[in-house]
Amino acid sequence: DTGVSQDPRHKITKRGQNVTFRCDPISEHNRLYWYRQTLGQGPEFLTYFQNEAQLEKSRLLSDRFSAERPKGSFSTLEIQRTEQGDSAMYLCASSLPTGGSQYFGPGTRLLVL
Amino acid sequence: AQSVTQLGSHVSVSEGALVLLRCNYSSSVPPYLFWYVQYPNQGLQLLLKYTTGATLVKGINGFEAEFKKSETSFHLTKPSAHMSDAAEYFCAVETGNNRLAFGKGNQVVVIP
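Residue numbers (our numbering), protein chains in the order written: chain S, 1 to 113; chain V, 1 to 112.
Honestly, I wouldn't trust all of these hints.
Think about it this way: if two alpha-carbon atoms lie no more than 25 angstroms apart in a straight line, the pair counts; the simulated SDA-like pairs of lysine to any residue are [said to hold, decoys possible]:
#1 57(S) with 29(V)
#2 57(S) with 24(S)
#3 104(V) with 27(V)
#4 104(V) with 88(S)
#5 68(V) with 79(V)
#6 49(V) with 5(V)
#7 104(V) with 112(S)
#8 11(S) with 42(V)
#9 49(V) with 40(S)
#10 104(V) with 10(S)
#11 58(V) with 97(S)
#12 68(V) with 101(V)
Here are the simulated distance ranges between beta carbons [stated by the list, open to error]:
#13 69(V) with 80(S): 42 to 52 angstroms
#14 61(V) with 5(S): 18 to 28 angstroms
#15 12(V) with 18(S): 41 to 51 angstroms
#16 70(S) with 42(V): 20 to 30 angstroms
#17 20(S) with 55(V): 41 to 51 angstroms
#18 62(V) with 16(S): 43 to 53 angstroms
#19 111(V) with 52(S): 42 to 52 angstroms
#20 54(S) with 16(V): 42 to 52 angstroms
#21 62(V) with 81(S): 40 to 50 angstroms
#22 45(V) with 10(S): 15 to 25 angstroms
#23 73(S) with 12(V): 40 to 50 angstroms
#24 3(V) with 85(S): 16 to 26 angstroms
Read the hints as simulated data drawn from the structure, not as lab findings.
Ideal Cβ positions, reconstructed from N, Cα and C, are used throughout, including at glycine.
Given these sequences and hints, build the entire structure.
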């Protein structure tokens with residue numbers, strides 16, 4: 001079990017640029033979650049997938065954000081036209097179906113200048 | 001909607017003393033409750049969880065938590081703090097739609 005991995009670990013970008021993050025879940029986990037964590041706060045739910053289906057999106061996920069999980073394995077989170085308010089840690093987690101604990105990756109820290 | 005409250009953003013404890021972090025939840029359904037720990041610039045690591053059954057739950061690194069339905073609480077304790085316990089701790093409740101709702105966290109400082 002190699003755990004949840006995320007890439008990149010850090011990203012610095014200029015306002016208005018697009019960024020894409022990748023998450024590789026634990027191999028047998030069919031649920032995958034994205035959260036956002038700002039300084040001094042707990043993580044906030046963004047969206048989750050069961051296999052390749054995106055089953056829920058938070059209202060925090062504006063139309064500039066899109067997430068995919070095309071083959072039910074890894075997932076990508078894209079932010080278009082980044083804004084300074086998008087600066088945060090983006091966390092990915094995975095779990096087995098109902099009742100399974102969520103295991104988190106190390107996160108991608110985004111800084112928008 | 002399900003939510004958790006963690007009071008006191010910073011908690012200082014002397015090495016060897018009791019660690020007590022308080023968590024109160026709000027839930028319209030029987031809750032699944034979690035405690036996670038986060039070290040600087042890292043993701044969250046699961047300490048322990050309560051789903052059903054025994055209300056005293058033991059986790060990793062000597063931590064335990066007790067689910068008290070009458071008090072809507074799930075406080076985290078460790079009898080003797082170690083320097084390596086310095087980190088941020090988050091309580092979370094799983095909502096019926098699989099998302100976790102987190103508290104604001106407690107930053108624990110261990111004083112030698």
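Outcome of the hint check:
Note on residue 57(S) and residue 29(V): the hinted pairing holds, with a Cα-Cα distance of about 22 angstroms set against a maximum of 25 angstroms. With a C-alpha separation of about 19 angstroms, the suggested pairing of residue 57(S) with residue 24(S) holds against the 25 angstroms cut-off. Annotation: proposed proximity of residue 104(V) to residue 27(V) holds, straight-line Cα distance about 17 angstroms (limit 25 angstroms). The hinted pair formed by residue 104(V) and residue 88(S) meets the criterion: a straight-line CA distance of about 15 angstroms does not exceed 25 angstroms.
About 19 angstroms separates the Cα atoms of residue 68(V) and residue 79(V), which keeps this hinted pair within 25 angstroms; it holds. Proximity of residue 49(V) to residue 5(V) is assessed by CA-CA distance (about 17 angstroms); at most 25 angstroms being required, the pair is judged to hold. Restraint check for residue 104(V) and residue 112(S): satisfied, since their Cα atoms lie roughly 23 angstroms apart, inside the 25 angstroms limit. Taking the CA atoms of residue 11(S) and residue 42(V), the gap is about 15 angstroms. The hint holds against a cut of 25 angstroms.
Note on residue 49(V) and residue 40(S): the hinted pairing holds, with a Cα-Cα distance of about 23 angstroms set against a maximum of 25 angstroms. Taking the CA atoms of residue 104(V) and residue 10(S), the gap is near 23 angstroms; set against the 25 angstroms cutoff, the hint holds. At most 25 angstroms may separate the alpha-carbon atoms for a hinted pair to count; residue 58(V) and residue 97(S) meet this at roughly 23 angstroms. A distance of roughly 19 angstroms separates the Cα atoms of residue 68(V) and residue 101(V); the hinted pair therefore holds under the 25 angstroms criterion.
Between residue 69(V) and residue 80(S), the C-beta spacing of about 45 angstroms keeps the proposed range 42 to 52 angstroms intact. In this structure the supplied range 18 to 28 angstroms holds for residue 61(V) paired with residue 5(S), their Cβ-Cβ distance being about 23 angstroms. With their beta carbons about 43 angstroms apart, residue 12(V) and residue 18(S) fall inside the hinted range of 41 to 51 angstroms. In this structure the supplied range 20 to 30 angstroms holds for residue 70(S) paired with residue 42(V), their Cβ-Cβ distance being about 28 angstroms.
At roughly 44 angstroms, the beta carbons of residue 20(S) and residue 55(V) sit within the given window of 41 to 51 angstroms. Separation of residue 62(V) from residue 16(S) is about 48 angstroms and conforms to the stated range, judged on CB atoms against 43 to 53 angstroms. Checked against the given bound of 42 to 52 angstroms, the beta carbons of residue 111(V) and residue 52(S), roughly 49 angstroms apart, stay inside it. At about 48 angstroms, the CB distance of residue 54(S) to residue 16(V) agrees with the hint of 42 to 52 angstroms.
Evaluation of the 40 to 50 angstroms hint for residue 62(V) and residue 81(S) yields a pass: the beta carbon distance comes to about 47 angstroms. Take residue 45(V) and residue 10(S): their Cβ atoms lie about 20 angstroms apart, and the range 15 to 25 angstroms holds. Between residue 73(S) and residue 12(V) the beta carbons are some 44 angstroms apart, a value that agrees with the proposed interval 40 to 50 angstroms. The hinted range of 16 to 26 angstroms is satisfied by residue 3(V) and residue 85(S), whose Cβ atoms lie roughly 23 angstroms apart.
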